[in-house]
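Student: Sequence:
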Amino acid sequence: MSDKLQVQIADWPRQREILRAIREQVFVVEQSVPREIEWDGRDEEAVHVLGLLEGSPVACGRLLPNGKIGRMAVLARHRGQGIGRALLDALVAAASERGYQQVHLHAQQHASAFYQRAGFIPTGEPFTEAGIAHIAMRRVLREAEAERRSGGIAYPHPFDDCALALCAAARRELCILSPALDHRVFDSQAMADALSALARSYRHSRVRLLVADYRPLVQRGHRLLTLARRVPSSVHLQLLPEHPQWRGETLVIRDRSGVLYRTEDADKAVLYAPDSPASTAPHRELFEELWGCSAVHPEFRKLSL
Numbered sequence: 001m002s003d004k005l006q007v008q009i010a011d012w013p014r015q016r017e018i019l020r021a022i023r024e025q026v027f028v029v030e031q032s033v034p035r036e037i038e039w040d041g042r043d044e045e046a047v048h049v050l051g052l053l054e055g056s057p058v059a060c061g062r063l064l065p066n067g068k069i070g071r072m073a074v075l076a077r078h079r080g081q082g083i084g085r086a087l088l089d090a091l092v093a094a095a096s097e098r099g100y101q102q103v104h105l106h107a108q109q110h111a112s113a114f115y116q117r118a119g120f121i122p123t124g125e126p127f128t129e130a131g132i133a134h135i136a137m138r139r140v141l142r143e144a145e146a147e148r149r150s151g152g153i154a155y156p157h158p159f160d161d162c163a164l165a166l167c168a169a170a171r172r173e174l175c176i177l178s179p180a181l182d183h184r185v186f187d188s189q190a191m192a193d194a195l196s197a198l199a200r201s202y203r204h205s206r207v208r209l210l211v212a213d214y215r216p217l218v219q220r221g222h223r224l225l226t227l228a229r230r231v232p233s234s235v236h237l238q239l240l241p242e243h244p245q246w247r248g249e250t251l252v253i254r255d256r257s258g259v260l261y262r263t264e265d266a267d268k269a270v271l272y273a274p275d276s277p278a279s280t281a282p283h284r285e286l287f288e289e290l291w292g293c294s295a296v297h298p299e300f301r302k303l304s305l
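So for the sequence shown, full-length UniProt numbering puts the first residue at 1; every next one is plus one.
Warning: the hint list may mix true and false statements.
[Stated by the list, open to error] Derived lysine to any residue pairs resembling SDA-like cross-links, with alpha carbons at most 25 angstroms apart: (1) 68 / 14; (2) 68 / 114; (3) 4 / 102.
[What the hints assert, rightly or not] Okay, the calculated beta carbon distance ranges per label pair: (4) 38 / 66: 13 to 21 angstroms; (5) 4 / 41: 32 to 40 angstroms; (6) 256 / 131: 21 to 29 angstroms; (7) 14 / 41: 17 to 25 angstroms.
Honestly, the hints are just simulated from the structure, not real lab data.
A virtual CB, placed ideally from N, CA and C, is assigned to each residue, including glycine.
Please model the complete structure; the sequences and the hints are all you need to start from.
Tutor: See below:
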């Protein structure tokens, strides 16, 4: 992203025409969104952000009072420079500053991975809006933090949301340690999609799944078992024998900087640190120790016919 980019809160009455010009070009001209849909009468009540590159307006977005982020637009010649992510971060920050518990949006389906990397999770099936395929997504802003301060994140929900947010935000590697990849947390299509997207996004990306009991996965079926069988070069599933350093904990580790940790049979997570290399390091060390003692179980290799 250019260091000459500035993203600021816009003044709709004063900068209306600037914001309208960007959206008109991107949505109405390029994407053929009908004007009556684009101009929905809600701009007066929204918080708007404006992206300026060397002082010239190149991007915009808005946040509605109900927490919905939308109308994110970057002029074509300025795409691929990280401007969209800067806009999204500014809108999320604006929502957090205003006390929102969560934000949500309707992502164009081809851009869903972009939002997943920013911590958004899918919340439904794809649908068509203004003639374009979309999917609803959301990101919790305060629930997890409030629960962590009060003694932990409830299991299995919203523990599952935190796990998915970590997985969706991974850039290079994911490490998951679980007794049997509890289906309430890990066996969702959104989770499988997040891991699949990471596995296919980069030649050296890696997903490692470590379990102590293979039977529930094989007998019940599991989306992550299916994924590991289909993409064995990037998604590695191994079985952990008894080990003195493992006491039934569940761990989700994103790259080297994010961790979610729960002790055996606890009804809450003990630690959720989505962006803390210092908190992640000791858990990463434990995972590496356990991984070195694990092996692939024959049942993990079998493909359903």
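Student: For each hint, tell me whether it holds in the structure or not.
Tutor: Tested hints:
no. : hint                          : verdict
1   : 68 / 14                       : holds (23 angstroms)
2   : 68 / 114                      : holds (17 angstroms)
3   : 4 / 102                       : violated (30 angstroms)
4   : 38 / 66: 13 to 21 angstroms   : holds (18 angstroms)
5   : 4 / 41: 32 to 40 angstroms    : holds (34 angstroms)
6   : 256 / 131: 21 to 29 angstroms : violated (42 angstroms)
7   : 14 / 41: 17 to 25 angstroms   : holds (19 angstroms)
This entry does not satisfy hints 3, 6, going by the numbered hints stated previously.
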